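Chemist: Chain by chain, the residues:
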Amino acid sequence: MKQPDRPVGLVGYGVYVPRYRIAGKEIARIWTDGQGGVPVDAKSVPGPDEDTITMSIEAARNALARAALPATALSAVWVGSESHPYSVKPSGTVVAEALGTTPWISAADWQFACKAGSEAMTASMGLVGSGMADYAMAIGADTAQGRPGDALEYTASAGAAALLIGPAEESVAVIEATLSYVTDTPDFFRRADRPYPVHGHRFTGEPAYFHHIRSAATCLLDQMGRTPADYTYAIFHQPNAKFPQSVAKQLGFSDAQIAPGLLSPQIGNTYSAIALAGLCATLDVAQPGDTIFMTTYGSSAGSDAYSFVVTPALLERRHRAPLMSAYLSRQEFVDYAVYVKWRNELVLG
Amino acid sequence: MHNVFIIGTGTTPVAEHYMRTLTDLALEAFGAALQEVAPTVTPSDIGALYVANALGESLAGQSQLGALLATATGLVGIEAIRVEAAGASGGVALRQAAMAIMAGVHDLVAVIGVEKVTDKLDPEVEAGLALAIDSDFEAEQGFTMTAQWALLMRRYMHEYGYAADAFAPFPVNAHTNAVSNPGAMYRFAINADKYRKAGQVASPLNMLDCSSLADGAAVLLLASERRVREWGVPAIRIAASALATDTLALHARRDLLWFAAVQQSATTALGQANLTHTDIDVLELTDPHGIAAALALEASGFVERGTAPRHAADGGITPTGATPLATGGGYKARGDTGGASGVYQVVELVRQLRGTAGAAQVKDAQVAFAQCLGGVGATAVTHILVNAER
Chain W
425 MKQPDRPVGL VGYGVYVPRY RIAGKEIARI WTDGQGGVPV DAKSVPGPDE
475 DTITMSIEAA RNALARAALP ATALSAVWVG SESHPYSVKP SGTVVAEALG
525 TTPWISAADW QFACKAGSEA MTASMGLVGS GMADYAMAIG ADTAQGRPGD
575 ALEYTASAGA AALLIGPAEE SVAVIEATLS YVTDTPDFFR RADRPYPVHG
625 HRFTGEPAYF HHIRSAATCL LDQMGRTPAD YTYAIFHQPN AKFPQSVAKQ
675 LGFSDAQIAP GLLSPQIGNT YSAIALAGLC ATLDVAQPGD TIFMTTYGSS
725 AGSDAYSFVV TPALLERRHR APLMSAYLSR QEFVDYAVYV KWRNELVLG
Chain C
29 MHNVFIIGTG TTPVAEHYMR TLTDLALEAF GAALQEVAPT VTPSDIGALY
79 VANALGESLA GQSQLGALLA TATGLVGIEA IRVEAAGASG GVALRQAAMA
129 IMAGVHDLVA VIGVEKVTDK LDPEVEAGLA LAIDSDFEAE QGFTMTAQWA
179 LLMRRYMHEY GYAADAFAPF PVNAHTNAVS NPGAMYRFAI NADKYRKAGQ
229 VASPLNMLDC SSLADGAAVL LLASERRVRE WGVPAIRIAA SALATDTLAL
279 HARRDLLWFA AVQQSATTAL GQANLTHTDI DVLELTDPHG IAAALALEAS
329 GFVERGTAPR HAADGGITPT GATPLATGGG YKARGDTGGA SGVYQVVELV
379 RQLRGTAGAA QVKDAQVAFA QCLGGVGATA VTHILVNAER
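Keeping their order, the protein sequence lines are chains W and C. Quick note on the working numbering: the first sequence kicks off at 425 and runs consecutively. Quick note on the working numbering: the second sequence kicks off at 29 and runs consecutively.
Bound conformation, chain C alone (with noise of 0.2 angstroms):
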């Protein structure tokens, strides 16, 4: 098997892009990663083009995405499919690129997460995002994501004892690190009594306890280990992959409060890289709420189950604490970019491995775990990075 390297990424901000198509998204995305090569790598080195997105169908009406943005690039006549996973879809797109650099397909292949919703109203961004969940058990009755989060968080504060204000930590740290990031949608700090005082959206989830969805595109440029070399372009090696699935119905799960999904694709990727919890030092979770990381925390194994909200409180998920969290602002303040995010939640972490993330730099970050989720865990996603000089 083939190593396989991370040598470009760009992003656009996310923000409600009024003026701008999902494939100007893309393409401003996309120059970015290529500036960060040039001119050492051209855009005829790459070999296939894969495209994250959840959405595009139901909010961009568009599907065929791999064949738009591969003629809208420049790259006429590539390989290039779409990759749809709901929220894992950036993740599991990530994972089909590095896959065929693995096996020796292509040695320069390119990701594009891409999302662009705010062209539709409410009602229409429920909808497609509750394609996500069970149509037959689920969606047909109503039901919603942040439904379904709220129902874990009232179960959650039921069996071990929590008070909702003790998600609190989550969106304070998610907002304190976005103020430093450029491309960040809510650029300012919150603290925990704002955060009590918020309105409810769906109780307890209140409303800085919920991501708002928002546009976007993020790019990485992945490339064999024979091209880093021949190229000299500084990369950060992605040393796991792997993807595991769950029921996409709640009720179809021996125990709500563990996604087992994500305990299997964080065990895997571990093994793969051959690493423990301790040699992780800055981390990307599907974070749209502080229930959704103190799951994801607890099923990956970094802190004993219903200790996440303790361990967040006494700032464990900081840029200094053990386990640093949403150092770009997570799905909360970055924005929550649909089947882009697992893409964003690689930039930012290479931005770490570079030492390049200003006031939210974990000090000496050397491995990075990212992770991202489809529907509530029916999809886990995760990937290790780490410094190629490592």
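If we strip away everything but chain W, and leave its shape as in the complex, we get (with noise of 0.2 angstroms):
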């Protein structure tokens, strides 16, 4: 269990989901003649000007809307993905550049799969924990890839979440305590150069997903001395509809925890933007006193886990940005032709 000496938590938050989304039974028409089920009901689709940087940007500026900050207040800005729009050029610096903090800040771009956006969260606990900062902006956003017709191209979708790290008595809820739990285990991976990723299918189930978030939550409400009943709300992360319940469920949460964060049923995986983005989803209906646990996953990177506690200064704040619920209302259906076209998927000439 990983503690900062100086208490650390959350003084801002903010996510941005794209306004576009595509039915997954528009996708099964296509690829299974509307066959069979589909794991999500819809998921958001990045529109022909949104990349991650974009999007990053607009929840960094939610965030910071949120903690009513200047952007120079920031001494770093974190940008965790795995699908930045260039191989090599940061998004780090244009999303800090378009903060306006530039030039006096540390900016980087984290890969780490799924968790990239939490580990920049851990980064950034460590840095403001220790005192060589006040505030770190760390960012999980993703336009995930999904190969047409495979099994992720129902769920790989776009969003950002930016959560804030400031000082423990400044902030919207408390970081009590985190801990990682890392194995090499390629459930999923996409090689340099190359278009997708390839997926372990029935592998990425049990020794992936599920093992890495029960062993690092286990440990974490252990070491804690706590159990799925002293927390008001969970988070976890959402691959798919399903996993997040199952996991849920066999760690010992309830449905009614976990549905506030709950988001892929209706906008699918943004990989590293989800979990974070449950998270706030969490803290736009939760009251002060509240307690928030999070467990993260990304393939071959493992779990972070987290716990937070709600402070009184969440409802002064919690409205000076958009809510979770304004981007998930706000919903314009594409078909399939559109967004193929849109993903660059067409081959012209």
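Keep in mind that a hint or two might mislead.
Here are the simulated DSSO-like cross-link-like pairs (lysine-lysine), alpha carbons at most 27 angstroms apart as the crow flies [stated by the list, open to error]:
#: 1; chain 1: C; residue 1: 222; chain 2: W; residue 2: 673
#: 2; chain 1: W; residue 1: 765; chain 2: W; residue 2: 449
#: 3; chain 1: W; residue 1: 426; chain 2: W; residue 2: 673
#: 4; chain 1: W; residue 1: 673; chain 2: C; residue 2: 391
#: 5; chain 1: W; residue 1: 449; chain 2: W; residue 2: 666
#: 6; chain 1: W; residue 1: 449; chain 2: C; residue 2: 225
#: 7; chain 1: W; residue 1: 666; chain 2: C; residue 2: 225
#: 8; chain 1: C; residue 1: 222; chain 2: W; residue 2: 449
#: 9; chain 1: W; residue 1: 765; chain 2: W; residue 2: 513
#: 10; chain 1: C; residue 1: 222; chain 2: W; residue 2: 666
Just so you know, the hints here were simulated from the structure itself, not pulled from any lab data. These numbers come from a predicted model, not from an experiment.
Make one complex out of these two single chains by using the hints.
Modeler: The structure is reproduced here in structure tokens:
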């Protein structure tokens, strides 16, 4: 269990989800003649002018707005993603520039599968907790890829979440502790210069997602002397609708505890952003004194578990930026033809 | 010819054993089998090892399993071979082992059925399984085993006027029985309604009518009559062993819905044992799909052609029916362990004959019939087991 010397918390948070959606049934119409079930009802689709950088900027601006801090107060802007627009040329500097934090800023990109954003958050805890900085922005954002016709195409979606880490006494939620559980379990990967990832089919379940989340979550609960019943809410990584519900049940969390943060049925899996966005959506409804448990997961990256306590400051800051519900209700459905055009799946010439 | 007896059995649970190797699985099952006869029988009594495995090269990256497992089990230097006949590997290995005792060459031999498949992704697994069908005429064209069974099911429905739902009783029975088998992969019940709603895999075969390929190992220890008497251990006699073959390619068969090799091996086995169909108390068949069980029941002579689904619907294949089938869950719910399946079948039947099969126990089971197929009935091996006291 890791705890910084100087208590830290979230002084701001923000999300962004593109307005466009494609229905799971629309994808099934193309590939399975509409037969069989779909893993999520719909997923978010980035518009033609949106990418990990633009979405990161939107989410980070929302986080700054909630904190009511100038961008220049930040000491770090860290962007976690597995879909950085450039292989060589950082997203972090563009985001830092757009936020207005440059040039006296630490900026970096993180690639750590679906827990790149949460790893940036843990690093931010260290930066602020050690006293090296007062404020750091940890962002998880993705425009995830899925091979046309592959199971991933139904879920790989787009979105961003930004968490502004600062001193606990200024926070809307104090981060009590965290721990990481990391193994090299390659259930999902994308080699350099390949457009789509490869996944290990059923191997992605028990030995990968479930084992890592259970291990991290159980260990943190044990070390803190807590049980699932001690938490008001919980959030788990959401590669589809079923996995987070299953792992919650395995660990002893109820449907009601995970309900506010369960986003995948509506927007799919936003990869580095999904668990953090679930946390933000939970903060949208939480009350002072509520406790929140979160466990992220990234393929071949492991799981990070966190424990939060909500402070009274949340009530006044919550409405300074759009709630997740606003992004969820802002929906414009596109058909498969528009989707493949925007995702550059069409071979031109 | 010497009599042959089964004196020890062992299995691993059928599962996705991601953290374990082929050798790990074989060792666990081998240790369990030895445990049944220890301390009377020791590993040094074993004269030969027969390894049943279908997919070692393509999915486990390993051949020469005889020497590999002889060394791993501590039987260093022993005579050991691997037997491959696709899904029939287990039955064929058992027959080879039994013949060594019948011939008086050995007094105690071990059969290890083992398969390790879950380290590979679906396309590689499909390609591995397709090695069991005709390469030139079928696999080369993209045909798979599942597609072949689906074609036979479609033809069966056409010939005899059944809907796809008519095959539901086979997986429903398998799942019901698996609930009480601690080593089964899918220990939950299903019903006809769930079967109807299941997604298609290869129409008309749906998800609940297709077995899952999984990892596992099963072991049999076979002994001569001389040794059984000397040791005084409980034993099950192998009353018959018969192997027959047919064309791999379906188009080369005169009658798609008649498994000639199954008919031949079943008839020969019953003749060897001097038994009739009504003497058989419990069966294990190659049943990855309902259609497979139906065609095997018919060609083996247990029911008339075109009547197997009705027989199953009337309760004929449940533990209280005339032909109790898949009492440990069968391929569908115990899990399909490829070349090890034929050994798992016999372990299940030994459980039945010992009266230790729990909720799926067939009352007073004395005679059991094990039949496994390679490919779509290209190799058929039938064994008949009887309680030694009989």
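Chemist: Could you run down the list of hints and mark each one as holding or not?
Modeler: Results for each hint:
1. 222/C to 673/W: holds, 23 angstroms
2. 765/W to 449/W: Cα-Cα ~18 angstroms, so holds.
3. 426/W to 673/W: Distance ~26 angstroms between residue 426/W and residue 673/W Cα, so the pair holds.
4. 673/W to 391/C: At roughly 39 angstroms apart (the allowed maximum being 27 angstroms), residue 391/C and residue 673/W break the hint.
5. 449/W to 666/W: holds, 17 angstroms
6. 449/W to 225/C: Cα-Cα ~17 angstroms, so holds.
7. 666/W to 225/C: holds, 19 angstroms
8. 222/C to 449/W: Holds, at about 21 angstroms.
9. 765/W to 513/W: Judged against 27 angstroms, a Cα distance of about 25 angstroms means the pair holds.
10. 222/C to 666/W: holds, 19 angstroms
Hint 4 from the earlier list is the only one contradicted by this structure; the remaining hints agree with it.
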